[in-house]
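**Q** If you want the building blocks of each chain, they are given just below.
Number of protein chains: 2
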Amino acid sequence: MRILITGAAGMVGRKLIARLAKDGMLRGRKIAALDLHDIVPPQAPAMDGVSVTIHTGDLASAGSSESLVASRPDVVFHLAGVVSGEAEANFDLGYRVNLDGTRALFDAIRLAAISPRVVFTSSIAVFGAPFPEVIPDEFHPTPLTSYGAQKLMSEVLLADYTRRGFFDGIGIRLPTICVRPGKPNKAASGFFSGIIREPLAGQEAILPVPRSVVHTHASPRSAVNFLIHAAGIDGAAVGPRRNLTMPGVGVSVGEQIEALERIAGTKVAGLIREIPDETIWAIVKGWPTRFEAHRSRELGFAAETSFDEIIRAHIEDELGGKLY
Amino acid sequence: MRILITGAAGMVGRKLIARLAKDGMLRGRKIAALDLHDIVPPQAPAMDGVSVTIHTGDLASAGSSESLVASRPDVVFHLAGVVSGEAEANFDLGYRVNLDGTRALFDAIRLAAISPRVVFTSSIAVFGAPFPEVIPDEFHPTPLTSYGAQKLMSEVLLADYTRRGFFDGIGIRLPTICVRPGKPNKAASGFFSGIIREPLAGQEAILPVPRSVVHTHASPRSAVNFLIHAAGIDGAAVGPRRNLTMPGVGVSVGEQIEALERIAGTKVAGLIREIPDETIWAIVKGWPTRFEAHRSRELGFAAETSFDEIIRAHIEDELGGKLY
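Top line first, the protein sequences correspond to chains A and B.
Going by this note's numbering, the first residue of the first sequence is number 5, and it counts up by one from there.
Going by this note's numbering, the first residue of the second sequence is number 5, and it counts up by one from there.
One chain only, chain A, in its complex shape:
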């Protein structure tokens, strides 16, 4: 089993690599080689008997994608991309990385005639308001960010390249990944994680939107489970509609805070300060709330079923199982 991972230095990439290093296997086959790519050098895991190759660079630059697939991977995890805020701030960079980079990788696979399973991380950012109360699997994607547009165009490419037989692609639309480990960042969605992560570390967190805001979340652990599951599922069972909205926990911010109180007490939850921010609120209003995600559940994708579970996953995976 030879595996290529793009975006291997990112948060999800690092967690995927750790999981593969622990399992030593994918799709029931021993991992023989890992090709890890990112714009900065990803960290190589310690894996006995596994040939690990580190690649750095821009997928869209000439020859870059070709060199990545020269090892003829059986499974490609295409995670690379610039995030939403960056794609919005820098128009050219967003299209170059998120669209041209994806197309260059897909074309390199096509021309190498290796037909691997390709798992692509799309996003619920392909959807744009207004929405029904619960978004069905057959709801049309109408992105309201360039990032969402680039992810959607990549989904369309993935489906067409799969239909053509160039590879066997599965696009997974990730919900908001929560609780994101690490430092607070400037992403408009940052508070969803911040209001859990910071109080659990004994620090204040700012809530810039009303408690009534509803959003769908899955843990980093679930994101890795989605990727591993997508690598293994039967492509014939998926049919021609290759892009799947992942399951998650649809909750209000108020319910997130109640879960934090249940698990860590009122003192911890009391570290959240409500400071309304009209700019963030305006952005968040356009985001999807809840999804049916029938198809992905039927295909065996599973996430947490309560926000309590999401918090516990964070405590186990990031805090060594201990509360502050």
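Just to be clear, a hint being listed does not mean it is correct.
[Claimed, not checked] Computed beta-carbon distance windows for the label pairs:
id, chain 1, residue 1, chain 2, residue 2, range
1, A, 236, B, 189, 38 to 48 Å
2, A, 236, B, 285, 30 to 40 Å
3, B, 243, A, 169, 33 to 43 Å
4, A, 296, B, 29, 13 to 23 Å
5, A, 277, B, 65, 52 to 62 Å
6, A, 117, B, 269, 38 to 48 Å
7, A, 236, B, 265, 49 to 59 Å
8, B, 245, A, 296, 12 to 22 Å
9, B, 243, A, 266, 38 to 48 Å
10, B, 243, A, 285, 49 to 59 Å
11, A, 169, B, 303, 36 to 46 Å
12, A, 140, B, 243, 16 to 26 Å
13, B, 15, A, 47, 39 to 49 Å
[As the list claims (entries may be wrong)] Now the stretches of chain A that chain B is said to cover, found in silico as 3 or more residues with beta-carbon under 8 Å:
id, segment
14, 153 to 161
15, 164 to 173
No lab work stands behind these hints, which were simulated from the structure alone.
Backbone N, C-alpha and C define an ideal beta-carbon position, used for all residues, glycine too.
Starting from the structure of chain A, add chain B where the hints point.
**A** The following block gives chain B in isolation, referenced to the frame of chain A:
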């Protein structure tokens, strides 16, 4: 009023030019200049006081799109593209013309900072089976051809470039244009026009699918009406969802034939020979049947309301009003 038309040598392009030549106006303003582009030289209309410039070439080749927008058009009709069968047979050509050509044109407009109204002809080929009985406006596009994928990616670009303020785009998803004038062609959809056009010209036509097949049609005259209307509507009323499924007449092939009998008699309709073709039938099965098209109707787009009207439009526009 300065107008650029790509794909100006095609059937719809020629009819649009004839209409503009007849009207002399667009959006209530006198036409001062026409830039006409295609891969072969489009025919210049005779229009007093209008500066007509003919361009030929490939939109995706360096500098080509830039030269088209140098005249700073107020309205761009982007009709250029290779058809479905060609995009399926020639993978590279389809992506180059239908995706890269569109993106090059959109980027040339963006970089020229002229912000025109851009009317783009998309297609119901963005949809792929299975479908509900009537396809709602919010149904997800899942193309089953490379042509459909390229049109959908272009729609996503159009919406994002509009949201960014680079231009004011309207994408119109055309139903099958029927009755197509001219010679029979090898398109799988050719019989929808052929079973009307050939009998009306006293010739036999072959029907390769069952009479129960349902499909949505609009006349070439309606296609031109859609384009003219799209050039003039208020962008603010359209909102962020810039791609609209056009109205049309959803009828079974049996109902098409009944309309032909009503208008031209049983002898003419008797020229249709049913010769089932499994290959064509397999393709046609994946095509959409009926659409709600609520949004486009609310925005004032109008098509024929019966297939009888579609046949009469053909007789008036192509046969000088006379039956065989």
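**Q** Decide, hint by hint, whether the structure agrees.
**A** Checked hints:
Distance hint check: the CB atoms of residue 236 of chain A and residue 189 of chain B are about 45 Å apart, consistent with the given range 38 to 48 Å. At roughly 36 Å, the beta-carbon separation of residue 236 of chain A and residue 285 of chain B lies within the given 30 to 40 Å, and the hint holds. At roughly 38 Å, the beta-carbon separation of residue 243 of chain B and residue 169 of chain A lies within the given 33 to 43 Å, and the hint holds. For residue 296 of chain A and residue 29 of chain B, the hinted distance range of 13 to 23 Å is not satisfied, since their beta carbons lie about 49 Å from each other.
Between residue 277 of chain A and residue 65 of chain B the Cβ separation comes to about 57 Å, which falls inside the hinted range of 52 to 62 Å. About 57 Å separates the C-beta atoms of residue 117 of chain A and residue 269 of chain B, a value inconsistent with the hinted range of 38 to 48 Å. Checking the proposed 49 to 59 Å range against residue 236 of chain A and residue 265 of chain B shows it holds: the Cβ atoms sit about 57 Å from each other. Take residue 245 of chain B and residue 296 of chain A: their Cβ atoms lie about 21 Å apart, and the range 12 to 22 Å holds.
A hinted range of 38 to 48 Å for the beta carbons of residue 243 of chain B and residue 266 of chain A is consistent with their spacing of about 41 Å. Between residue 243 of chain B and residue 285 of chain A, the C-beta spacing of about 20 Å breaks the proposed range 49 to 59 Å. Taking 36 to 46 Å as the suggested C-beta distance range, the pair residue 169 of chain A and residue 303 of chain B conforms, at roughly 40 Å. A C-beta distance of roughly 21 Å is found between residue 140 of chain A and residue 243 of chain B, which places it inside the suggested range of 16 to 26 Å.
The supplied range of 39 to 49 Å is broken by residue 15 of chain B and residue 47 of chain A, whose beta-carbon atoms lie about 58 Å from each other. For the segment 153 to 161 of chain A, the stated coverage by chain B is satisfied: 5 residues place a CB nearer than 8 Å to a CB of that chain, which reaches the threshold of 3. A stretch counts as covered by a chain when three or more of its residues have a beta carbon under 8 Å from one of that chain; for the segment 164 to 173 of chain A and chain B the count is 3, and the coverage holds.
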